[in-house]
Structure formats: structure tokens, C-alpha cells
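In case you want the letters, here they are:
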Amino acid sequence: MPRSLTKTRFTAMALSFALVCASLFPVTGRADSKIRIMTATTDLASLAQEIGGDKVDVESVARGYQDPHFVDPKPSFLLKLSKAELLIVVGLELEIGWLPPLITQSSNPRIQVGAPGYFDASRFAKILELPTGQVTRAEGDVHPLGNPHYWLDPDNGLRIAKGIQTKLSEMRPNDAAYFGQRYDAFEQRLKQSDQQWQAQMKPYAGRKVVTYHRSWPNFAEHFGLNVVGYVEPRPGIPPSPQHTVELIGQMKRDGVKVIMVEPYFDLKTPNSIARDTGAVVVVLMPSVGGEKEITDYFKLFDYDIAKLKKAFDETH
Amino acid sequence: MKRFAVLSALLLFSAIAHAQDATSVPNKRDVSPANTEDARMKALEAQVRSLAGEVALLRSEVKELRETKSPEPSSGPQVLLASAHPEPGMLPSSPAPAAAQVAQTQTFGGASGNAKLLNPDISLIGDFIGTAGHNNVSPGRSLEMHESEVGLQAIIDPYARADAFISFGETGVNVEEAYVTFTSLPAGLLLKVGKKRADFGKVNTIHNHALPFIDRPLVTNNLVGGEDGIDDAGFFLSRFLPAPKNWFLEGSAEVLRGDSADVFQASRRQDVSVVGHLRAYRDLSESTNLDLGVSYARGHNNNGSNFLTNLYSGDATLRWKPLRRAIYNSFLFRTELFWSARDQLSLAVPTLFQTQHAFGMYSYAEYRVNRRWTVGGRFDRSGHATDARLTDTGFSGILTYWPSEFSQIRGQYRFGHLATGPADFSNANEILFQFLFVMGAHGAHPF
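Protein chains in written order, with the numbering used here: chain X, 671 to 986; chain W, 1499 to 1945.
Please keep in mind that the hints were generated in silico from the structure rather than gathered at the bench. Hints are supplied without guarantee of correctness; some may be wrong.
Here are some chain W residues pointing at chain X (derived, C-beta under 10 Å) [what the hints assert, rightly or not]:
id: 1; residue: F1680
id: 2; residue: K1700
id: 3; residue: T1703
id: 4; residue: L1816
id: 5; residue: W1837
id: 6; residue: N1868
id: 7; residue: R1870
id: 8; residue: F1877
id: 9; residue: R1879
id: 10; residue: I1907
id: 11; residue: M1937
Straight line, CA to CA, 27 Å or less: simulated BS3-like cross-link-like pairs of lysine-lysine [said to hold, decoys possible]:
id: 12; chain 1: X; residue 1: K750; chain 2: W; residue 2: K1743
id: 13; chain 1: X; residue 1: K725; chain 2: X; residue 2: K861
id: 14; chain 1: X; residue 1: K744; chain 2: W; residue 2: K1540
id: 15; chain 1: X; residue 1: K750; chain 2: W; residue 2: K1700
id: 16; chain 1: X; residue 1: K704; chain 2: W; residue 2: K1700
id: 17; chain 1: W; residue 1: K1540; chain 2: X; residue 2: K753
Just so you know, these numbers come straight off a predicted model, no measurement behind them. Even for Gly, the Cβ is constructed at its ideal location relative to N, Cα and C.
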């Protein structure tokens, strides 16, 4: 009896002791004063970089060519999250399948939900497709808090950037002027670019398009496109033959000539729809980093608009 | 009403802001007093113009809101519950193509406040299992509503969150897990207190519905407590450990009461059990990673306080998931090895104290063929904890179909070469099938 008791106690104490010892060597970051920012997606990382300049270190969990609904919560992200001072998330339950466990396990008090270092970008953005009335999953994987793909509207990019500027200034009051300056420059550049984008898209205002997933309402609204259907029968549900037939009929009736597809979806169904309807499949990037050349928020719209323009011109 | 209050507050606010701007302008021009009056007039004019513009903008927004929301604004604060049944007049009449209930309303934040209130995230996962075929050693029921697991999860306060999973079986209710997690401890410590599946290897930590197979591996049943496994009340402390570059190391130390299915049993208060776990993880590339672990558990068994069971385990997982095709293709290979050293009275001479050393393992591989189908296979081999001379062997083939992310249909063929005596075996051939469904809050994806 004493043997087992002391042994068990000894093991328990040894284990706790080992952990406490380990705690004495804290996992610290670098000594410089850059704000360490983690973001859920690359677009938010790009916006944070625009405002933070060389006063911040930004990294995104998801990659630009990855479906942001399905990201693996790898432990390698935990290390980065454990050192982060600020976590910027898309919110609206986009990351619900993978971010909550990462946040909890990061054991970083600064970025827990509601803590000062937790920044939900959706609170600053204009949100579309907010369901009213009853929400059921008969509609598929619906987002009850509204469509989370809101960053694809430059106006929202600006709003989020403003929020980030305020947050960074709170965190480093000494650098507030710097962040303010960077925001002003960003605003000016974005407005200028937006004018060009709008001008490029103007000839195609009101064009009817079909998209794979419901990723583009903000983009469509901003650039005057009319999304009339989706390749997915419901959000998050793979294409079904019956829905595809209906969609082909609808596209023929409405004269839809462009199918917009995100890079992480299979092109088989969109291609076969395109063959039947004479439409063009255009793979658009919903996020920064989707292609190597899309290195920031500006290039994202440059890329998508150039591709769309080409597709519209081809099918005219 | 509230909306108008907010709008008027906004107007007032912008007016003040403009007024402040305006006053700062003439101050600068005080050097030339002749122009002061003129400049003031101009500034005021500009201010009035911009205010008029803002009023027009706000008017149009109010109009837009009125058109998209209810025709008659309700008197109290309008809270839209996700589960609320809409009144006929509430539904937007615009013919949206795919979902009639989705209105093109706009909001600037604040939506999350309304939809959830302070309820915890609630979910229920139903797990229906059927078995057909032949098994003389451990025959399962032909059809059963194996469990209905209710999950309640919420943030408790700025320092903690809590998770509770209560499973309703056909014969009773079991608190599978209920624990609070303290997320704001110093020195990077993470403490969980409550009842929880211990971090002993991999399969022990996974809930039934999240397993990649219908049954648990033979070794779980033979050596590690069966379906519930090492699942006990206690303290669970973990922390990241300093690691070589590109490696992730995590250590866990857990002290439990000492009651876990048939593995551990506490006859006295002092009979606590301990679990230690070390996890090492490394990204081999963007799409491939390696996950290794060693675990140790020690507790008293059902022979009494003098009889200990020591469990050792090692696990290795290789995952491959190309990020661009993550929802279509992936591969996982996992092996877990278990050693059990169990004190007991000798089987031959019941007055003699002895320790039975049994070994067990399973290997599992799965491949996601496309968005809806996954195929997998598992090999099992395990001795019996109480009689290491008896060794069971088995293999399974598994096919899984996902109609959506929220339901799952699975079939499994299971062959078992099960020991009934030191040299006697009984073969089992079975087909298992399972229907899983998830309602309520969207849970975390398994990893």
C-alpha cells in the first residue's frame, strides 16, 4: 500500500514539477517592439500591413488559395498565436470550424475572445445577406450572422483599415501619428485605385453572372454585377445533377455568360455547365496570395477585375 | 425608435465634429481680421452643405432599411432570434433566387450581439449504429441509438471558457466531459478542471462521433477502458515546451480521481491516477505533417489499492492535405502502440501476486477520394490486460459518405480473430453501419 501511494504521488509531483520548471523558461518572442499580429486570412494580413508598416509583424493562418471555411488547426499555428499581441479575425462564423480551438489552446490571454487583442473585422464592415426570419440548414451551411466574404468590397477594406488604425494606435500610442499617416496614404491610394477599377468595370454594369459559392455578394454589389445563381445548390453542398440542369436552363434563359469560381473548388461541374451554355469559367481569387502575383489588397482587385474584364470581352 | 435615436445622435455628433473643425479654421486666420467674417460665413456655408448631404444620405439609408426590414417598425428593440418564427409580414417580398429568406439588408457590425444573446452554443449529435453478422465473443445489438450527445459550450468570463458534453445512451446518461478551461494563466499554462477524456494517446481523446471508424479499436477495449477510456475527474495542466526550430512540443500533466471504466478504480481517496503526455509536431511541408506522442498513465485497478496498472503508449500520425484541394483529397495514417502492466493475483495460483504485461496496437489509414467519400482500413492486434496469453487480431474496411458537413453515413466490415482461450479462437465477421447527424452550433472540425 505505501509503495503504490508514494509512487503515484511521486509521479504526480514529478510531472507537475517538470511543467513548472518548463514555465520558468517562458516561450518569449523577439525583443524588438514590433506588434506581433496574427490574422485569420491573408486579406486581413495585407490590410494590417498597410496600416502597420514596419511597426508590425503580420502573418496569416490561412493561405490565400485555401478555403477559409476549412483550415486545419495545426499546432504550428499555436506557437505563433501564443506569441501574438493582436489577432484579427473575419468573424461571422467563417472560421468557426478551426479558430476557436486554436485560440483556446494558444493559452495566450491577450487574444482570447473579447480580450483587447481580439479584433473582429466584421464589426467594422458592411455585412450583406443577413438572414431575417427563420434560419435552418435546409439552406445549407448558412451563416446566421451574414455573409462573411465581406472583404471583397474596397469600401469594406477601408472601413476595416480604419478599425485597425484605431486598434494599433491604442496599442502603441507613441506611434499613433505614424499609423494615422499610413491610413491616410492607404485611403488615398485605395480611393484612386477604386476609381480605376470602377471605370474598368463600368461597361459591364448589370451583367449577370453565376458563382460557385456565395463568396461574391460584396464584390458584385460594389462593381455592379448581378449574381443570379450558384453552382452549389446550397452553400457548402456539392453540386447535384438536378441543380446543375436547372442552373443551365436559367443561364440560357438569362443569357449568363460568366461563371466565377474560387480556386479551391473543383472545375469539373463549372466546365460542363460552361460547355452547355457557351459561358466562360473564370477562376477568381477571393484572397490575397491566391496567386503569387497577388501580393497585396490592391493586386487582388487588379487581378480579379482584369480576369473578369477578359471573360466579359470574350463572351460578348 | 431606437434607430432614429441613433441617427439623430449620429447627426448631432457629426455636427459637433464639423463645428469643431469649423472653429479651428478661423482661429488660424486670426492674423487677418478683415477676412474673418467672410471666412466664417464660408465655413458655415460649407458646413451646412455637407450636413445637408449627410441628411440626404441618412434619409436614403433609413428608407432602404425600412424597405428591407419589417414594414412596421416594432416598438421595442428589435431582436432577431435565429430560431424565431417569422410573422408573415416580416418576410421580405423580394424574389431572391436561391433563398427567399435572405434579404439584402446591411449592417455595420452588431449583428452577432443579437443572434446569440448569452446562451451557450448548443449542439446535439445523434449516433445510430447497426450491426449484422456473426460474433460470439462480444456481440453488439442489431440496431441501437448508440448515443445522443448534447454539447454546451460558452465563454464563462474573461478568464475561462467551459465545455460540457452529456451523452444520452439507450440505458442512461453519462457526463462524457464537463470542464472549465482557464485561458489566462501566467507562464503559458493551460489548466482544465472537471471531467475530461485524458490526453493519453490519440484515440482516447476522440469522441465517438468524431472517430474515423464506427467501433473503437480492439486495443482500446482490451487495455484502455473500452468506449469511455480514461475519462475521469481531475486537473489537466498543459504547456508548450521549448523546442528545436520547426518543432512544436507540448507537455501535459494530469491528476485524476482514479476511476476510469475498468482500467482504473479508486478504492480510497488516495488512489488517484496520473497521466502524462508529450506531443511533438512538425510540418514537413505545407500539406504534410507529422504528429508524434508518448503517454504514460498510472492508477489503481479493481483488485484494490495495492494493485497498480501502468499504461504506456506511443502514437504517430502522418497527414497529407493539399491546401488547394483540402475539401476533396486528403490522407491520414496513424499507429498507436500500447503496453499495459497490470498487477493482479496469479491466474494459476490465486495467492500469488503477479504483473501481467500485455501489448496492443492498431494502425489506420484513410483517403478522402472526393468531397463526399472517404475510404479507410484498420488493422488491430491486442493482448488481454488480465491475461496476456490471449491475443485478438482483426481488421476493418471503412467507407464513409457525407451528404453535407452535418450528417454522415458510414459502413464498416469488421473481421475479428478473437481469443477465447490460450489456444482457442473464435472468428467474427460483421457489417456495421452508422448514421450521424449534427444539429445546432457548428462544432470544431476534427484534426
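Please verify that hint: R1870/W, Cβ, nearest Cβ of chain X, below 10 Å or not. holds (6 Å)
Hint K1700/W vs chain X: min CB-CB distance below 10 Å? violated (13 Å)
Next pair to validate is K750/X with K1743/W; report whether the Cα-Cα distance is within 27 Å. holds (13 Å)
Satisfaction of the R1879/W interface hint, Cβ to chain X closer than 10 Å: violated (29 Å)
Checking hints one by one. Is I1907/W an interface residue toward chain X, by the C-beta closer than 10 Å rule? Nearest chain X Cβ about 15 Å off; hint violated.
For K750/X and K1700/W, compute the direct alpha-carbon distance and say whether it is at most 27 Å. holds (23 Å)
Would you check the hint for K725/X and K861/X, treating anything up to 27 Å between C-alpha atoms as holding? holds (24 Å)
When the nearest CB of chain X is found for F1680/W, is that gap smaller than 10 Å? holds (9 Å)
Less than 10 Å between beta-carbons is the criterion; does M1937/W satisfy it with respect to chain X? holds (8 Å)
Next item in the hint list is F1877/W. Is there a CB on chain X closer than 10 Å to its CB? violated (25 Å)
Is the Cα-Cα distance between K744/X and K1540/W 27 Å or less? violated (61 Å)
Would you check the hint for K1540/W and K753/X, treating anything up to 27 Å between C-alpha atoms as holding? violated (53 Å)
Of the numbered hints listed earlier, those contradicted by the structure are 2, 3, 4, 5, 8, 9, 10, 14, 16, 17.
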